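Could you slot chain W onto chain V? The hints should help.
Protein chains: 2
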Amino acid sequence: MYYPAPIERLIENLSKLPGIGRKTATRLAFYLLNTKESYVSELSNSLIDIKEKIKLCSTCFNITDVDPCPICRDEKRNSATVCVVEESSHMMVIESANPGYYRYHILHGVINPIEGIGPDEVRIKELRDRVQREGIREIIIATNPNIEGNTTAHYIAETLQDLDLKITRIASGIPIGGDIVYIDPLTIKSSLDNRRNL
Amino acid sequence: MYYPAPIERLIENLSKLPGIGRKTATRLAFYLLNTKESYVSELSNSLIDIKEKIKLCSTCFNITDVDPCPICRDEKRNSATVCVVEESSHMMVIESANPGYYRYHILHGVINPIEGIGPDEVRIKELRDRVQREGIREIIIATNPNIEGNTTAHYIAETLQDLDLKITRIASGIPIGGDIVYIDPLTIKSSLDNRRNL
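Which chain is which? The protein sequence lines are V and W, in order. Each residue of the first sequence is one higher than the one before, starting from 105 at the first, in the working numbering. Each residue of the second sequence is one higher than the one before, starting from 105 at the first, in the working numbering.
Next comes chain V alone, as it looks inside the complex (with noise of 0.2 Å):
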């Protein structure tokens, strides 16, 4: 093929993105190679932006792009109760079912030995610092309901035992507008466990 060379650069960077092969990536480079100068230098800037001005939340390890985050900043929240997630995004889907509620703790991965992932290396420690410093009463363990997930999700629970503090877990169960015929047994055994009643 003869790309030249700046194009070339461009799709080996562009098919380096998840979810994008090198087809998407030509077909991109070549919108872009198209497409008005003023958007790609804004494209370009915004990239070098989100390095540059995108730090952790100093409490809740959030990112942002000022500390304490807007989330931390906010005094309507609820004070006493601190939802636990995986990450960021996790916290942002949360937020977006039941805005302005809870104050989060991000803790930027799970425990994962195999991937070498102990509980030193997620923000573990944080919390459990934060939880006394602040007085917190609830924390709501949102882990993903995976191994992963539930494993760090019991970790915590064990390491903050001996805090008076309420711990609970989100519940897993069948998606609402889901379809029984279609949801996987473990699934369906924890919507029975979990039951609750009417």
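It cannot be assumed that every hint is accurate.
One copy or two, it doesn't matter: identical chains are merged, so the pair holds either way.
To be verified - Derived DSSO-like pairs: lysine-lysine, alpha-carbon spacing no greater than 27 Å straight-line: (1) LYS127 to LYS157; (2) LYS140 to LYS229; (3) LYS270 to LYS229; (4) LYS127 to LYS159; (5) LYS140 to LYS159; (6) LYS180 to LYS159; (7) LYS140 to LYS120; (8) LYS120 to LYS159; (9) LYS180 to LYS270.
If you're looking for bench data, these hints aren't it; they were derived computationally from the structure. Predicted, not measured: the structure shown is a model, and the values here were computed from it.
Chain W in isolation, oriented as in the chain V frame:
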């Protein structure tokens, strides 16, 4: 949602790319946030680079970072035959199927009266000049076999008919490995009309 402004800006810019919606853009933005800074700045620079370094070849109007482009410089190619294509990307597909053989002429568009693109908006005049200047003996019109591509092909043939020149059109028919059951009637008709002796 509580996306910090720089992330929001990157998501907005990414979701302007073709085939990338807000959800994919968000996923990409978070990937970029968590990946190595060196890659992000490399991607950012390569975006700027294509706008700064890529020009059109003054002979064939192919995109290139040197003028004339490597294909026009390549003296091993058949200098009497020029393959006329709509876009540089089409040229590259033909080149990869048939490497090192043809010279090309890139129209940068097709005649499309509905969108207000007339013969003067695509590089047909330049093709005529080139045929006369370079003593070209055959042009193969490889525009797409749709209404605009066919219109453009016929217009080119008419425009150049006073020159002593063989003008050909690429064949339409059933793709190699295709199944007749799934081919549309117009393609079937074309493959019958253009049947050849065995």
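Practice task
First find the shortest C-alpha distance between LYS140 and LYS120 inside one copy, then the shortest across copies, and answer within, between, both or neither for a cut-off of 27 Å.
Solution key: So LYS140 and LYS120 pass the 27 Å test inside a copy (24 Å) and across (12 Å) alike.
Exercise for the section: Up to 27 Å between alpha-carbons, please classify LYS180 paired with LYS159: within, between, both or neither. Expected result: For LYS180 and LYS159, only the intra-copy Cα distance (24 Å) is at most 27 Å; the inter-copy one is 56 Å.
Practice task
Since the copies are identical, ignore which copy is meant and state whether LYS270 and LYS229 lie within 27 Å (CA to CA) inside a copy, between copies, both or neither.
Solution key: Answer is within; shortest intra-copy Cα gap is 17 Å, inter-copy 79 Å.
Problem - Intra- versus inter-subunit Cα pairing at 27 Å for LYS127 with LYS157 - result: Between copies, since 22 Å is at most 27 Å while 32 Å is not.
Practice task
Since the copies are identical, ignore which copy is meant and state whether LYS127 and LYS159 lie within 27 Å (CA to CA) inside a copy, between copies, both or neither.
Solution key: Classified as between: cross-chain Cα gap 22 Å, same-chain 34 Å, threshold 27 Å.
Handout entry: Within, between, both or neither, where LYS180 and LYS270 count as close if Cα-Cα is 27 Å or less
Key = Classified as within; 21 Å inside a copy, 79 Å across copies.
Problem - Copy assignment of LYS140 with LYS229, given that the CA separation must stay at most 27 Å - result: Answer is between; shortest inter-copy Cα gap is 26 Å, intra-copy 49 Å.
Problem - Up to 27 Å CA-CA - LYS159 versus LYS120, copy category - result: both (24 Å within a copy, 25 Å between copies)
Practice task
First find the shortest C-alpha distance between LYS140 and LYS159 inside one copy, then the shortest across copies, and answer within, between, both or neither for a cut-off of 27 Å.
Solution key: Answer is between: at 14 Å across copies they meet the 27 Å cutoff, but 31 Å inside does not.
Checked against the numbered hints above, the structure breaks none of them.
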